[in-house]
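Q: Going line by line, the protein sequences match chains A and B.
Going by my numbering, 46 is the number at position 46 of the first sequence; the sequence numbering is gapless.
Going by my numbering, 128 is the number at position 128 of the second sequence; the sequence numbering is gapless.
In case anyone wonders, no lab produced these hints; they're calculated from the structure.
Some hints could be false.
[What the hints assert, rightly or not] BS3-like cross-link-like pairs, simulated, lysine-lysine; straight-line CA separation at most 25 Å:
1. 171/B <-> 32/B
2. 119/B <-> 68/A
3. 20/B <-> 60/A
4. 68/A <-> 127/B
5. 32/B <-> 11/B
6. 150/B <-> 119/B
7. 79/B <-> 68/A
8. 9/B <-> 32/B
9. 11/B <-> 94/A
10. 41/A <-> 148/B
11. 8/B <-> 32/B
12. 81/B <-> 148/B
13. 150/B <-> 58/B
14. 81/B <-> 20/B
15. 81/B <-> 32/B
16. 81/B <-> 56/B
17. 20/B <-> 94/A
18. 56/B <-> 9/B
19. 79/B <-> 11/B
20. 127/B <-> 79/B
21. 150/B <-> 127/B
22. 68/A <-> 56/B
23. 20/B <-> 8/B
24. 68/A <-> 171/B
25. 150/B <-> 79/B
26. 11/B <-> 56/B
27. 150/B <-> 32/B
28. 148/B <-> 68/A
[Said to hold, decoys possible] Chain A residues, not near chain B, derived (Cβ > 10 Å throughout):
29. 31
30. 69
31. 77
32. 87
33. 88
34. 151
35. 158
36. 165
37. 167
These figures come from a predicted structure and were not determined experimentally.
Built from N, CA and C at the ideal position, the CB exists for glycine as well.
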Amino acid sequence: MPLVLPPSVLGFYLLLAFSPRHGVGQWLHDTFDLQLVFSFKGLVLASVIYSMPFMIGPIKSALQQLPKSFSDASYTLGYTEWQTFVNVLLPNIKASVWTAAILTFAHTLGEFGVVLMIGGNIPGVTRVASIAVYDSVENMDYHSANVYSLILFSITFVMVIAVFIFNKYKAKSPLE
Amino acid sequence: MITVDIEKKLKAYQGQQVLKIARQFPLGSIIKIYGPSGAGKTTFLKAIAGLIQPEKGKIQFGDALWLDTDSGISLSPQKRKVGFVFQDYALFPNMTVLEHLQYASPNDSWIARLMRMGKLETFTDHKPEYLSGGQQQRLAILRALAIKPKLLLMDEPFSALDPAMRSVLIKELTAVWNEQGTTVMIVSHNPQELDGLVDQELYFEGL
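Isolated chain B, as found in the complex:
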């Protein structure tokens, strides 16, 4: 079980607001996160990944305590090692497609499988600036998946993909997640794209 009980101050339209989330998620489940822009969805993902620090709260992943502000425990992002697909992709301009995946994983056969999955085999030597938006987004997903994370956080990961590519990719990703028992949290604004896939939903009200 993943237990999240955090409070984080956020700058909102009406001034400073407090984002409070207290939920439990079963390990291996797929959770859809949705809600209006600026409601704190990305902040929530970053707090779980350890990229930002909540003022107060606790995050427990299985037996591992990642955050407990009362006892001063806060594991670094490097120790939590969650997969993270950033909304702006966060691809490194100095690295090629292959180098991105090699930076994340030393496992060549795993990298080859990911390349096939993302249909990027013919773009191995391309740097991000020479990829289309959809290709960049796929690379961002594959890089996050390359570390074989137990928890994968995805911030609008399919927004730049055409419906056909999205459907094929989601199918292949689901197979990998099932195979590896990955828990996945996906921020999505598209009501249909995760149909039949989601085990749990988390709605963020506007702040």
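Okay, chain A solo, but in the shape it has when bound:
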């Protein structure tokens, strides 16, 4: 669902779920003194929920492309499913894992709807770069918006280049 839901809708439901007045949010607040709404921790957790499919999709696809005989061979040598995953499957999709991790991070860095809903826009606490860009434009401060945008653009550009260099052009597409 996080893949197809509008970020603001997902953010709204997470805001309700994390609310310290009821449900899971109340339990977390009462048991662990953990407040997720309008906090950086909540913002990170919401971003993880939102971005998880972007990580899982390419990794699942990479695993499915490995021949089944890899795991079968490992089982006949006496290794469990977990040992096979760690020793055989994971090392052979390393490039896909790195690619997915870097692109998911870059994607999360620019996330707007979910983080605004959960974190609000508290300077020094939950104001992230993408929100700062919006905030600057709202205040007609185009210079700051330009600086923030340039920083975000540079970071994501470097990441995409890094992915291609890391894969040494082996991947057929950036998400493979």
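Fit chain B to the supplied structure of chain A, relying on the hints for placement.
A: Relative to chain A, chain B alone:
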């Protein structure tokens, strides 16, 4: 004695067919399995190894009951621990020749002997993509042999080897099998390659 009496549904050209095998094989023997493509030879080997589950049947290896669908017994491949040479070799791209054998066995002297047998001593640090087809096939055979299995299942294991290499390797493998009392089942399409070696033959009719 190895007793196999299994039924497994297979997708065939004419739709779904049932593969039925009921045979006994003496322990320590070499069995040649042959028949047309798609007849279920690989499925038969995988069912014995525990990699696929027959709908019905029983597999007994010596005193050990590996499968009995009536009583719900089905040992995992890890517990059956048969050596398996896959038709596509199933070599791990992340491991070198030496790492493949070390993954299968902690016994260094045994690994060294296997390396010599497969003439791969000079390729220890090579990953599969840098080996020829014949070298890859030899590595697949050695890896299966590295666990010193009581039962070795080989799916067209010599298809990529030149006649001279094949003949030398088979001779050395036979010595190891005799030494360890290994029962060997070999799927082969080549009528001559196992001449004088086979104790029993199993023919699969097309489904």
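Q: Does residue 81/B pair with residue 32/B here, judged by a C-alpha cut-off of 25 Å?
A: Given that 25 Å is the threshold and the Cα spacing comes to 20 Å, the pair holds.
Q: Against the 25 Å threshold, does the CA-CA distance of residue 171/B and residue 32/B hold or violate the hint?
A: OK: residue 171/B and residue 32/B at ~16 Å, within 25 Å.
Q: For the pair supplied as a hint, residue 81/B and residue 148/B, confirm whether the alpha-carbon distance does not exceed 25 Å.
A: Roughly 9 Å separates the two Cα atoms, so the pair holds.
Q: Is it true that the CA of residue 11/B sits at most 25 Å from the CA of residue 56/B?
A: Answer holds: residue 11/B to residue 56/B is near 16 Å, not above 25 Å.
Q: Hinted pair, alpha-carbon criterion (25 Å max): residue 20/B, residue 94/A. Please report holds or violated.
A: violated (42 Å)
Q: Holds or violated: are the alpha carbons of residue 150/B and residue 58/B at most 25 Å from each other?
A: Judged against 25 Å, a Cα distance of about 19 Å means the pair holds.
Q: Given the proposed pairing of residue 81/B with residue 20/B, does the C-alpha separation stay at or below 25 Å?
A: holds (24 Å)
Q: What's the verdict on residue 150/B and residue 119/B, does the C-alpha distance respect the 25 Å limit or exceed it?
A: holds (24 Å)
Q: Are all beta-carbon distances from residue 77/A to chain B longer than 10 Å?
A: Given a closest Cβ separation of 5 Å, the condition is violated.
Q: So if I understand the rule, the pair passes when the alpha-carbon distance is 25 Å or less; does residue 79/B with residue 68/A pass?
A: holds (19 Å)
Q: Against chain B, does residue 165/A hold up as non-interface, every C-beta pair farther apart than 10 Å?
A: Holds, because the least Cβ-Cβ distance between residue 165/A and chain B comes to about 20 Å, which exceeds 10 Å.
Q: Just double-check residue 69/A for me: nearest Cβ-Cβ distance to chain B has to come out over 10 Å.
A: Given a closest Cβ separation of 4 Å, the condition is violated.
Hint violations for this structure: numbers 2, 3, 9, 10, 17, 19, 20, 21, 24, 30, 31, 32 and 33, all remaining hints satisfied.
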